[in-house]
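Asks: Single-letter residue listing:
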Amino acid sequence: MNETLLLILEWTIKGGLLAFVLATGFAYTTFYERKWAARLQIRIGPNRTGPGGWLQPAADGVKLFFKEEFTPANAYKLAFNLAPILTMVPAIVIMAVIPWGSEIELFGRIIPLGISNELNVGVLFLLSVASISVYGIVLAGWSSNNKYAMLGGLRSTAQMISYELALGLSFVGPIMLAGSLNLADIVRAQMAAGGWFFTKWYVIYLPLAAVVFYIAALAEVNRSPFDMPEAEQELTAGYHTEYSGMKFSLFFMGEYIKMIAVSAICATLFFGGYDGPFVDSYPLLGPLYLGIKIFISLGLMIWIRAAMPRLRYDRLMSFGWKVMLPLSLLNVVWAAAVIIFFNAG
Amino acid sequence: MAPELIVFLVLGAVAVGSALGMLMSRNAVYSAMFLIMNFATVAVFYLVLGAPFIAMVQVTVYAGAIMVLFLFVIMLLGAEHLERRTGLDWQKPIAVVLGLVLLVEAGYVLASGQASLPAIAIPEAGYGAPAQIGELLFSQYLLPFEVTSVLLLAAMIGAIVITRRDAPKRKKN
Chain P
1490 MNETLLLILE WTIKGGLLAF VLATGFAYTT FYERKWAARL QIRIGPNRTG PGGWLQPAAD
1550 GVKLFFKEEF TPANAYKLAF NLAPILTMVP AIVIMAVIPW GSEIELFGRI IPLGISNELN
1610 VGVLFLLSVA SISVYGIVLA GWSSNNKYAM LGGLRSTAQM ISYELALGLS FVGPIMLAGS
1670 LNLADIVRAQ MAAGGWFFTK WYVIYLPLAA VVFYIAALAE VNRSPFDMPE AEQELTAGYH
1730 TEYSGMKFSL FFMGEYIKMI AVSAICATLF FGGYDGPFVD SYPLLGPLYL GIKIFISLGL
1790 MIWIRAAMPR LRYDRLMSFG WKVMLPLSLL NVVWAAAVII FFNAG
Chain G
21 MAPELIVFLV LGAVAVGSAL GMLMSRNAVY SAMFLIMNFA TVAVFYLVLG APFIAMVQVT
81 VYAGAIMVLF LFVIMLLGAE HLERRTGLDW QKPIAVVLGL VLLVEAGYVL ASGQASLPAI
141 AIPEAGYGAP AQIGELLFSQ YLLPFEVTSV LLLAAMIGAI VITRRDAPKR KKN
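From first to last, the protein sequence lines are chains P and G. Residues 1490 to 1834 (my numbering) make up the first sequence, in order. Residues 21 to 193 (my numbering) make up the second sequence, in order.
Treat the hints loosely; a few may be bogus.
Stated by the list, open to error - Derived list of chain G stretches under chain P, where covered just means 3 residues or more per stretch with a C-beta under 8 Å from a C-beta of chain P:
1) 46 to 53
2) 76 to 85
3) 88 to 97
Since the hints were derived computationally from the structure, they do not count as laboratory data. Owing to the predicted nature of the structure, the values given are computational and were not obtained by experimental measurement. The beta carbon of each residue, even a glycine, is placed where N, CA and C say it ideally should be.
Could you put the whole structure together from the sequences, leaning on the hints where they help?
Replies: Listed below in structure tokens is the structure:
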């Protein structure tokens, strides 16, 4: 019984830590985006709040907290209130299966770094949570009872369904090479000895799958150039047109935490997860390496947003079905060929 | 009470409640949401029974894919408001009678003690793991698996043919 209590305590601490890191990470990802996009466009960006603008996210948080929350008279109240929560929760929950490191010993207990990273259906968990996360946006669009919001919600549904297929099929390559649906196994298979530290990473064997995954993930989190659901010129703000105050900021948080989550998934599946130099002898370096990889991936997303124009909606759909889907099917064949010719996996 | 029993009772209440909510809701979007909740609860049942693979597939396929399409169609057609009179009023008395018959039947079976099943052995560790399911699908159940995939392919081609715009008519020689 004592052991059970300790285990519950361990999970609570790890869960709280993850939620805290993601909430802080969200705040500073917005700052990162504003600063880095400003540099890319030869501007300065926020620099007045605190030294170098570092307190800007806190100021934004306080501002959003004190804003009036407005509910349209003809909105469907229950769904309208539920939608931001349904967007936010899957974004955090999906991180539960990402391994942050191997194991550390603390207070005489062996503590695996990660919440349920040894789940034997980890990759399927990612897919199922990703498929649930559509509902928040759909409901937000419908319940606002506003044409712009409705169109934004419908567009995002169609987009997410279309790109989910390519996303799911790009998972198949790493699964085949590692021979497991367990994310910790996939990372361990990439860490197995041989060559330099990054030569076993799956991005070397499956570069096409990594690219397909990254594009599909951008579409899945509604990031530019796939941010059709909230295209300002045509849809005002898409599905969150009618939202304000904390409800709006929940959508905002959901979007940025999803960015962090897909970066973490990308790092885990294709870039060796928490792998890096000396991680075998110092397991605490694991979370640091994962953080660095997430940071680089976030920087790439912001760069893409600052540099690329938005796709037209029909182009986006035909790109999803006519280019991404065949490429992701090709990936499966590619992974099989890699297993045979390189004797990997 | 044992923790398992508490979990079962809570999940059962949620599952039955969401099923009732789906039937009674006057708004088709809320009905769809209740159905999604029901699917998710059933997935948790599978998890409790030690079948994580089925649980995840249940969420991905039913709650994630199929219900999104349902919701999409409801919203696209603007069919979320059900009319009060549905033209199926003659079904109500029959439904009451048949429901009563079913309840009496179930009560009789329960009371006569035929409903108890023998306890089954606890499955060994790794039962229902993805690797094991894969092995079974590609060895013992290969034929049904292939037949199902051909069936799905036929359905997919059918859907594409139905939605295709008519090609320009060919000239007769």
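Asks: It remains to establish, for every hint, whether it holds in the given structure.
Replies: So, going through the hints one by one against the coordinates:
1. 46 to 53: Coverage by chain P holds here, the residue count being 4 at a Cβ distance below 8 Å.
2. 76 to 85: n = 7 at 8 Å, threshold three: holds.
3. 88 to 97: holds (count 6)
Comparing the model with each numbered hint stated earlier shows that all of them hold.
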